[in-house]
Amino acid sequence: MNHFPVSLSDNPGFALLSHKPPVYAVVFVHGFLGHPRATWLDFQNLAGGRPEWIASDLFFYAYKSQDQVPVLAQGLENFVARLAAGREGQVASLYFQAPSLASANLLNASPYAQANRGQAPYEKLILVGHSTGALVIREMIRSRIARVEGKPVGQPKAKVDRSDEFLLLSTLRFFAPAHLGAMVSGKLGIVQSIPLIDRFLAGYFRSNALYQNLQPTSPTVASLKSATEGFAEKYEWPALRAISMFGVHEEIVFVGHYKNDAEDVLVPNRNHTSVCKPHREYLDPLRFIEEGYAATAGRGQDNANR
Amino acid sequence: MPQQQDEVRTTRTDDRLLNSRVVFFLNDRLGVVLDRLKQQGSDGETEGFFAEAELLEAFLWLHLGVHVGYFSTQSSRRAVYEYFPFFLSAYDAVFEARLLETRFASPLRAIFESEFSGKQELFSSAPIWIDSSAPEFVVDSFQDNLVVANEFGRGLESHAFLRAIVVSSEEAWAARVKQRLLSAAVDKAEPWFLAGYFEVVQYLKWTRDFFNRARLDEKAQTRLFGDFVRRVKEIQQWKLNFGNTQYRDRFDGIGRVAARAVVAEVTDTDQELTVIRFLKEVEALTNEWGAPKQMAAGS
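Top line first, the protein sequences correspond to chains A and B.
Here the working numbering is used: the first residue of the first sequence is 237, the next is one more, and so on.
Here the working numbering is used: the first residue of the second sequence is 692, the next is one more, and so on.
Simulated from the structure, these hints should not be mistaken for laboratory data.
This structure is a prediction, so every number in the text was calculated from the model and none was measured.
Just to be clear, a hint being listed does not mean it is correct.
When the alpha-carbon atoms are kept at most 20 Å apart in a straight line, the in silico SDA-like pairs for lysine to any residue are as follows [claimed, not checked]:
{"no.": "1", "chain 1": "A", "residue 1": "Lys300", "chain 2": "B", "residue 2": "Asn903"}
{"no.": "2", "chain 1": "A", "residue 1": "Lys513", "chain 2": "B", "residue 2": "Asn903"}
{"no.": "3", "chain 1": "A", "residue 1": "Lys300", "chain 2": "B", "residue 2": "Arg845"}
{"no.": "4", "chain 1": "A", "residue 1": "Lys513", "chain 2": "B", "residue 2": "Ala840"}
{"no.": "5", "chain 1": "A", "residue 1": "Lys513", "chain 2": "A", "residue 2": "Asp434"}
{"no.": "6", "chain 1": "A", "residue 1": "Lys300", "chain 2": "B", "residue 2": "Leu847"}
{"no.": "7", "chain 1": "A", "residue 1": "Lys256", "chain 2": "B", "residue 2": "Leu708"}
With the rest of the complex left out, here is chain B (with noise of 0.2 Å):
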């Protein structure tokens, strides 16, 4: 077994196995957020700058990966160069509607800002860790924290869902779902928002739940993985933006009507309380999603 083992170790660092990481990205979640970049609005909808976004996730993703030694750098600069103009494109969309400073922390802007601009090479900047490779435990933890985030992320019902709560306009969501929710009939009109509702609620709990074990152990109990857990959740916060008020609106009123949905199916006694204590229970997850506080103070 110790032989083994030792085998094994040795194949992780193989420049193929970080290349093959590199082409898994590209199948399960560029090359999925790039074919819906060019199918937007072919189905009457307005994704805003969602589908922009999606793509600025992508590359954070990849950024993060080559980073923690996930990803091959080389393979990583490659892909990005083959769509390098839809990625500048994203970005100048995002930039251009003044909403990179609510949705991306600041670390990431500056990312976009130094690597975007020719400033810095690609995946030059903003590493976690700096003067040591980042642990092996870190690696497996990306690894897990992207497969279940490109899942999520390729979710129909989540995505209709949190497209239209990031993007809305006040007057849309207002005619589309708020008159809607005082009758209840919003998942007869729109049958994606409690699909899409639970979707996120159990995205959120699995996030929690995987980084409460991961911290059960000693060597996760450091600032640098603390960092590490903060630059996952920033990359997803442009579209998991409880620090934005309005965001929060939107996020609880549809919890609301999907407790009540629901409720009848978990208790016939005491169901506004359930409601109460279920809506409470979704806000201790959604509090650890704590927007940056140039989101909090403009929104």
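Isolated chain A (complex conformation) (with noise of 0.2 Å):
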């Protein structure tokens, strides 16, 4: 174990926080559904000593799969402008207050958070969505850039601060996202090779007021999509240029990327759940992110606008 974990302040999530300076953070998105831990956990076990990985905090962030998106988003949103002004001190309890110890915290020790690992701010951020987390994250950077937009024109110094370079200049994982909506017909027992359980699972995710408003034609889809598009011919930030990891059994949503992103990355003996589970035999997803760490080398404001 090369990070310790810490609970998140006012979200069910948790992270992991790593021994040494952490250079990166990297935060992980839900689908539908989804657990914050159970979906992620094995990364950080499979990750072994890879310095990428101990140079890390991993942040699971959660949230409830029953709000729209774009109100899902603002909150992620709000979670990583902290992350952005704070690090880990603006988001994870590292204290315990008891009753019996007004002015202190219960073990009256300073938090080992803050031993061995500097103050220095995060210099990259990953961000890893699965299945409508992947959505979160594309509307949160919509709505920063349209807000960055926005910002008075003539003053260039101002137009991009440091929360927003740190979010423009993310890099993107995606496992398999439902950026071009949810497929709401078609039966998924047809994919025998799923365990009965999972294609079980699968079903209920359908039922999901979230998951009903993901149909490609909706407007949250088809309009993120539009935007994401609009603002990748004008600008060069990586945030809005994804990679994404399906399965080729994909049965929730439908296989395929935005305009400027990169090819997917398809998977065999995946679906939709399974293709974001790394183990001993199955390393691709944990690959898939460790690209993620030499895409963000290098970045910088300068080509952030073309």
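The task is to assemble the complex, starting from two chains supplied on their own in separate frames and drawing on the hints.
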């Protein structure tokens, strides 16, 4: 274990913080009725001693699968903004206040998170989304660029602040993203290689209200695609260009990408749920994110505006 | 790289790290359970002994974590001292209701009986690794299971679902669920039923997959690791009590409704057969959570 756990202060997700000074913040956003912990935990276990992961704090962000995507995106944006402003100290519960100790934390010690880890802000952000989580991430990016565009003209230095840059220079890695919408018909039974339990769980996902709002023609899906592709024509921000990985047995969302995204990565013998769950014999998801680390190298604001 | 990894390894025995894990536990588990305990009854629902049993479960996670070297013993004791009246009351409530023997396996009862009575110091009884410390991969396994079990324990749907299954009297269960099961209207009346059922199935599946993967490693193919896996399950068995006939009947009843509600998404042929096959797969999951003999005998 190269990381230690902390609770998030106003989110049921959690974080694994590095023992070393962190360079990267990696934020994982789960999908339909997903679980921030069970969905992503294997990443940390398999990352082992790889240097990029050791230099990363991993945040497993949670949301309730019942609100509209823009509302969920606002919550995530607030979370990422706090990471940019004050690292883990802004989002994590590093103390526990007990009744008998009104003026001190229960164990009366300085948090381990403050030892050995330095205080430098994160240099890079990697956003990892599964299913609806990817949609939430894309909406957050769209919303931020719309806001940056709305800032007063003639003040170029003020136009993009540290928080904007932190977000818009991020790398996006998606697993089975719902950015082209979700399938609302078709039987899950045709994919016989998937365990029946998984097919029933997928069937249950489909009855979720948020899922029902994700038809390809829904305003959420259609306008997000159109706006993101429009921005990608104007700006070079890396956060406008995602790379997605799908299982060839994808049964929940439409496989595909936005105009300026990289080509999709297709993985055999995987479905909507299993595509993002690495194990010893399936390290593709891990490598997929590690390629994202490489992609962050040498980024700066200079290349952001075309 | 080797130097870097050595540095990381050194920090793992740092007292501050072991303390920080206790703080994590307090925020992520114990604090949540204590809040529920304080608020119980305010939603008009009868908690029965559910919140008390959750608190005892929290103690057992802390206990196991101390034994495998994940938590600091000193900090864990300090944390329990802070809330000891709550733990003792919870123990008494579960004991008085004669539920201890049918909900907690005998090694766990022995922990309460010795450590809550003052006969032994806190966290001094029932270790799994006696002659040596637990291997590092066990410490890792403990963290993974704790983190996901905390998520499962915090889930509103799974909490409502399990609370109903575990503490409802026969009359309450009949009034609330049984009649509606016949008309398959239960999810409209109690929207958390289906969600809670699938949450439980997902958790059982996660646990099975996790330990199956762990056992692929030669170092996990030991009796002691088997004891560790059993302890992780025993800690939670009071709410995942599949050796108890009443519990299993209730769970299976909801399962049939849930499967029929979803099967149309899965196939349009042989739907009844597909439901049966699904329930068989779930049954295989629940069989891995066989109850202690006392529980099965008393059910």
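Cross-check of the supplied hints:
Restraint check: the Cα-Cα separation between Lys300 of chain A and Asn903 of chain B comes to about 30 Å, which exceeds 20 Å; the hinted pair is violated. Taking the CA atoms of Lys513 of chain A and Asn903 of chain B, the gap is about 15 Å. The hint holds against a cut of 20 Å. For the hint linking Lys300 of chain A to Arg845 of chain B, the alpha-carbon distance of about 13 Å falls within 20 Å, and the restraint holds. Simply put, Lys513 of chain A and Ala840 of chain B have alpha-carbon atoms about 18 Å apart, close enough for the 20 Å limit, and the pair holds.
The hinted pair formed by Lys513 of chain A and Asp434 of chain A meets the criterion: a straight-line CA distance of about 13 Å does not exceed 20 Å. The suggested pairing of Lys300 of chain A with Leu847 of chain B holds, with an alpha-carbon distance near 11 Å, which does not exceed 20 Å. Under the criterion of a C-alpha separation no larger than 20 Å, the hint pairing Lys256 of chain A with Leu708 of chain B is consistent with the structure, at around 13 Å.
Of the numbered hints listed earlier, the single one contradicted by the structure is hint 1.
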